[in-house]
Amino acid sequence: MSDVALIKSLLLTLPLAFLTWRALPAGWPVLARLAGGLVGGWAIAAAVTLLVPSGLMAYLVSFAIVGSIYAVIALGLNVQWGYTGLFNIGIAAFFSIGAFTTALVTTTMPTGVMAGFTQQAFGLGAPFLVGVLVAGVAAGLLALLVGGPTLRLREDYLAIATIGIAEVVRLIFQNERWLANGPQPLRGIPQPLNCLVRDAGCEWLPAPVMALFAPLAPRDYTFVYLVIAALFVILTFLVLERAIRSPWGRVLRAVREEEDAAAMSGKDVARIKLQAFTVGAVIMGIGGALYAHYMVSIDYSHFDPLYATFLIWVMLMLGGSGNNRGAILGAFVIWGVWTGTAFFVDMLRPALAAISPDLPARGPYLRLMFIAIVLLLILLFRPKGLIGEEKFVSRLSGGREQPQA
Amino acid sequence: MASTASRRTQAHVVPQGGESALLRVQGLSKDFGGLRAVNACSFSVRTGSITGLIGPNGAGKSTLFALVSGFIRPDEGRIHLDGHDITGLAPHQVFRRGLCRTFQIPREHASLTVLENLMLVPPDQLGERFWNPLLRPGAVRRQERAIREKALEVLDFLTLAHLRDEYAGTLSGGQKKLLELARTLMADPRIVLLDEPAAGVNPSLMARIREKIVQLNRESGITFLLIEHDIPLVMGLCDPVIVMNQGTKLAEGPPSLVRSDPRVLEAYLGGQHGAADD
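In order, the protein sequence lines correspond to chains A and B. When the letters of the first sequence are read in order and numbered with our numbering, they come out as residues 258 to 662. When the letters of the second sequence are read in order and numbered with our numbering, they come out as residues 82 to 359.
Same shape as in the complex, but just chain A (with noise of 0.2 Å):
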């Protein structure tokens, strides 16, 4: 095993590794099953670096990096919606305001040359971590705004007022130049961690360490990205999955079924509908600082309804809502068949041709056929999702006995 290649398998363990440790069975002793679980996950990495071909390794690690994105934002949207019931489309705001908070907390006001081409309100250069946070700050107080005044209505005021609301911070993003460059992209948004693929290395590691990632070159950056992702996802996932099993999450769903009876059982379902709706759009941008990290530069386009909202709403469908393993599964499988249709279409384009000239241009509307023929059949066939709701999501109240379902 070359070094580059060791590296590579090395980085691609901790996913992998959480991956095995959740498909051992619960029942094993806790240090084997983390053992297993790394020991697993390291052989599997192993064994993808040595046999995919780096090209299709590449492609991958990318593919894998915008579904951890995507998972992220997903278990918010379940939050709200699977767990809550908070019909919430226009995921797209906090999404966009989670991505280009952290760009202006974490880029520096452009100087010299540039500055004639960028204009930004601020730009703090603060560190990565300081930029997800205040990003996922930013999202959870337009959570609040947002939801304070509607939550109280009837449910369908929420759903108006998101996708309201969306197309506002949407439109902000497009034309206020001041803020964060307008219709032009806002670049360079520096990449966590990317030290440790440049040859000067990252000061602040000790020399035997950073030896270890010297084989890495600037294009094996995603490795370390998906690292950071996948980490993301991990603690999201966990924690949850930790609330949601408590008697926070069983309030959250007692508000989903019947909100007069909760009101009757005491519980002030305004304040939890709102709590609800401000951890998911939280999270939501969390997804939106990843996004943007990963990207480096963002413009308002990357924001419509469609990838910031739609395919969002698809992936928590067909995964199974109210599941957060569903939203994660969802999350990876339509970004699969989205990606999926971009080939389809290409080996399309003959037949297209052949019916009439004009129409391959136009092949990429097909692919919003295709995913609308997808929620049609996960709605027919599955409507709970792949894996939906299960019966007994309570743990903490000890109960040995109660059945694992």
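Since the hints were made in silico from the structure, they are not lab data. Ideal placement from N, C-alpha and C gives every residue a C-beta, glycine not left out. Treat the hints loosely; a few may be bogus.
[Unchecked claim] Facing chain A, according to a computed beta carbon distance under 7 Å, are these residues of chain B, among others:
#1 N120
#2 T168
#3 P172
#4 R178
#5 R182
#6 L201
#7 P284
Use these hints to put chain B onto chain A, whose structure you have.
Just chain B now, kept in the frame of chain A:
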């Protein structure tokens, strides 16, 4: 635990006057558009009583429940619970002062299990705060165990224990009525408002619900105010009985008196019943 001997409820009859009112409604009015659903309605519910609330369809009984429990705000009038003004409080605030209600059409949390439906209810659960299950799992788990024990006891008491792991939505109509009652018990209420506990319930289940109401009233000192159309049930169970008509109180008194009140017969029984048939 259950004492089947307590069929007669005359034991609660305390002479009128002098006793404390747990719930007092004064001059309550509510308009829906041009329709006055509740019209300057005043009455009191005595501490420790099982008070019946009857009246023809559209008399405003369910609206009155919605007003008292905070689901809708009155246009006029005050509501006092144990001397404290609760007018205009939200349902969860009314709940915290010890008032619980059930719904005419059961409103169970359908895709939660029966046990979860009950475990939801107790107030001040640590685990309802987002961070506590993460930061203080031990404390949350201890509290959950206690709540679970209590929920199992309530299920046992109401003979629903065998259904605890079923989705609440799959229960029969009568079982859902029992579940509604069970939920109120999880809150240790002082007063429970029951909206038609007998509607759609088969006779044997009804006998059980009735027996449990009496037992809770006697042993736990819970005050009940119940809307019911089943006149024999109300006459046997409740004292006093309040009769509502056209949004306001028409009559009030022990069942025997109410039963023979000509105004009540006129309004409620439509006038064609010369005398109430026993």
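Hints, one by one, checked against the model:
Taking 7 Å as the C-beta contact cut-off toward chain A, the hint placing N120/B at the interface is violated, the least distance being around 24 Å. Taking 7 Å as the C-beta contact cut-off toward chain A, the hint placing T168/B at the interface is violated, the least distance being around 17 Å. Taking 7 Å as the C-beta contact cut-off toward chain A, the hint placing P172/B at the interface holds, the least distance being around 4 Å. Hint status for R178/B relative to chain A: violated, with the closest Cβ pair at about 10 Å, above 7 Å.
Restraint check, R182/B versus chain A: the minimum CB separation of about 6 Å is within 7 Å; hint holds. Interface hint status for L201/B: upheld, as the beta-carbon distance to the closest one in chain A is roughly 5 Å, under 7 Å. Residue-level restraint check for P284/B is violated (minimum Cβ-Cβ distance to chain A is 26 Å; threshold 7 Å).
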